[in-house]
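Sequences are here, hints too, so could you generate the full structure?
As given, the protein sequences belong to chains A and B, one line each in that order.
Following numbering that gives the first Met the number 0, the numbering of the first sequence begins with 0 at its first residue and continues without gaps.
Following numbering that gives the first Met the number 0, the numbering of the second sequence begins with 0 at its first residue and continues without gaps.
Derived from the structure by calculation, the hints contain no laboratory data.
In this text, a Cβ means the ideal position worked out from N, Cα and C, and glycines have one as well.
Where hints are given, some of them may not hold.
If you want the footprint, here are the derived chain A segments under chain B, 3+ residues with CB under 8 Å [as the list claims (entries may be wrong)]:
#, stretch
1, 24-34
2, 144-151
3, 265-274
4, 294-302
What follows is a set of in silico ranges between Cβ atoms, one per label pair, in the way DEER data are often shown [unchecked claim]:
#, chain 1, residue 1, chain 2, residue 2, range
5, B, T271, A, G172, 19 to 25 Å
6, B, V268, A, Y126, 41 to 47 Å
7, B, S81, A, G151, 22 to 28 Å
8, A, L185, B, A55, 50 to 56 Å
From chain B, some residues computed to sit far from chain A (all C-beta separations above 10 Å) [to be verified]:
#, residue
9, F52
10, D69
11, L108
12, L115
13, M127
14, G167
15, A173
16, G182
17, R185
18, L194
19, V225
Listed below, chain by chain, are the residues.
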Amino acid sequence: MRFILRRLANYVVMLFVATSLTYFMASFFMDPRSNYLARNPRPPMASIDASLTAANINDKTPVLERYWHWLVGVVTRWDWGLSPTQEPVSGAISSRIGASVQLMTLATVLGIVLGISIGVYTAIRQYKWQDRVLGSLSTFFLVVPTPVLALGVVIAAIWINQALGFRLFYVTGLHSYSGSNFWLKLSDLGQHLVLPTIVLSIITGVTYHLTQRTYLLDTMNADYVRTARAKGLPLMTAIRKHALRPSLIPTTVQVAFTVAGVFTGAVITETVFAINGLGRYFITSIVQNDINASVAIAAFAGACTLVAALLADVAVAWIDPRVRLS
Amino acid sequence: MADTELTLAGATAPDVVADEHDGDLHRTGRLALIVRRFVRRPSAVVGAFLLLFLIAFAVFGPMVANWGYDEPDFLALAQAPSAEHWFGTTTGGSDVFALVARGLSRSLLIGVLSSLAITFVAALLGTMVAFFEGWFERVGMWVLDTLLVIPSFLLIAMITRSASGKGGWLVLAAALTAFGWVGYARVLRTLTLSLRELDYVHAAKYMGVGPFTIIRRHLIPNLGSVLIIQTVLGVVAAVNSETALSFLGLGVKAPDVSLGTILQAGQSVVLTSPWVLLAPSLFLVALTFSMQLIGDGLRDAIDPYSRSGGKA
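Written as structure tokens, this is what we have:
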């Protein structure tokens, strides 16, 4: 317990330092003033300054002063500041997290389960044709850039829609049905979710397939598995009882970090499928020179990473009898 | 005299394999061995040829094209592929063939440059953190972990957002490097932990050889194979990030062209002119896939414990 607390304290300090660095970087590289200067007709300078100061992003105020103001707001009132349009950032983020979670949950679970199963399946059949075919497929999907994959799925779906003559798949958004029938609502969500879920499951699944295959092959060749075979256990039993469990330990660490990714969303997939999740919000906030929003999203993503790291520590200590928390 | 000694030492190195040929001793050097193993893998050879073809396309493509990437043909807007425009044109009338050739060379350049830079920085800092033990290592590890807290994609996006114009791609390459090396450095530090206990490293240290000389002469060469593989596979990662950022409008920006920006332009016309998407997608996948094949082939060729079959 003391170990976990010490870790936690260290993580909080790390998050603080990383977020502060991000704040200074964002303030240096982003220029919210240009939003106003680009407007036509251009608003008077005094009014530009007034709105920038109100959002605490005026570049005429020294950055340390802005930082202090921002920090006090975050620590005392949990107020993450305002956008250049004077909208509070906290509210905007929490509504986006919901959309991201809706989008990512199913895809993440599918990707992890399928990836690990295929990894185990191919490791047992190392260098047989199933392993070769699935391995090359995964290597291929591993290197296909996400925009290409997502756009390819969109093209295929439109092609299927045209062939069928009606809209089976929707390629944008999460909802389009506004009635109150629960089943229609569910099928509507399903029609929207299928395509991004395919994309995200492939992305998650292939990494799990390839890593799980490597981990299991490592343990399958270990001495204790040979001993188990030598004392007469059938291959499958030896793998299930002796090789599988240790090979799942590094995978668990990976799972913890993937689960944290559920909350931060997927930037490219959300952009292609026009889903208003956190990933897409980040891109809009960067394009709109929204310093406070980008810093808040970065901080949230960092917090998710560290929670995942903590979960991974605890989970490994729980599964792996060789690790003792001390 | 010193010279002969050196060559002798080189010839008896363990990684030199002797091959009997009609009774006379034929020596195979390490490089020849790696090449031979690499060539034995069909997939690696395919990857190498694919890459050569892509490089040739990026270099000579603009010369054979009928149109430049920056001279739109206003008489042929959103045309399907034809004899005049081999890959068709965009809604703005730009020739997709010329765009792809230009974009491919940009993506390649950014990918290779930032991957090389990442390997260099990661190798130097990773070995340094491991070599100077004690407080330097503790502080260094803490800094590395802190840099990993915030997803690097977000930080890169922040920097490249403000860069534009013709020099924008250099900023992008620099940003990819600035936040891409941290993970690699951690991996290399772990590998160095066992290297720093080697006898000759200790010996060099107590003989008073400077730390950077030891790093350069003993540690980095020992990591050589890892570094080469990492550089090749790093190109895949760098090209992927570059494409993603450019696709989102945050990386390479007009008037410059990369494969990501062509994808972005093609996204809005998926239904009406799919060829704008098709050509850059194919080339992009060919680029990353060939790099991956080469990287996998190199890994098997360099790894002394490789079980890829065959002799030597």
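Cross-check of the supplied hints:
For the stretch 24-34 of chain A, the assignment as covered by chain B holds, since 5 residues bring a beta-carbon within under 8 Å of that chain's beta-carbons and 3 suffice. Here's how the stretch 144-151 of chain A fares: 6 of its residues keep a CB closer than 8 Å to some CB of chain B, so the rule of at least three is met and the hint holds. Residue count for the stretch 265-274 of chain A with a Cβ under 8 Å from a Cβ of chain B: 4. That meets the three needed, and the coverage hint holds. Taking a C-beta to C-beta cut-off of 8 Å, the stretch 294-302 of chain A contributes 5 residues in contact with chain B, enough for the three needed, and the coverage statement holds.
Under the hint 19 to 25 Å, the C-beta atoms of B/T271 and A/G172, about 21 Å apart, fit the expected range. A beta carbon spacing of about 44 Å between B/V268 and A/Y126 agrees with the range 41 to 47 Å that was offered as a hint. For the pair B/S81 and A/G151, the supplied restraint of 22 to 28 Å holds, since their beta-carbon distance comes to about 24 Å. Distance hint check for A/L185 and B/A55: the Cβ-Cβ separation is about 53 Å, which falls inside the suggested range of 50 to 56 Å.
In this structure B/F52 is separated from chain A by more than 10 Å, as the shortest Cβ-Cβ distance comes to about 17 Å. Interface exclusion of B/D69 from chain A stands, the closest Cβ pair being 23 Å apart, more than 10 Å. Residue-level check passed: B/L108 sits 17 Å from the nearest beta carbon of chain A, beyond 10 Å. For B/L115, the shortest C-beta to C-beta distance to chain A comes to about 19 Å, beyond the 10 Å cut-off, and the non-interface label holds.
Listed as a non-interface residue, B/M127 keeps its Cβ farther than 10 Å from every Cβ of chain A; the least gap is roughly 21 Å. Under the 10 Å C-beta cut-off, the non-interface status given to B/G167 relative to chain A holds; the minimum distance is some 13 Å. Even its closest Cβ contact with chain A, about 13 Å, leaves B/A173 beyond 10 Å, as expected for a residue assigned away from the interface. With a least CB separation of 12 Å from chain A, B/G182 remains clear of the 10 Å interface cut-off, as annotated.
Separation of B/R185 from chain A is adequate, the least Cβ-Cβ distance of about 13 Å exceeding the 10 Å criterion. Every Cβ of chain A is farther than 10 Å from the Cβ of B/L194; the closest lies at roughly 21 Å, confirming the non-interface assignment. With a least CB separation of 16 Å from chain A, B/V225 remains clear of the 10 Å interface cut-off, as annotated.
Checked against the numbered hints above, the structure violates none of them.
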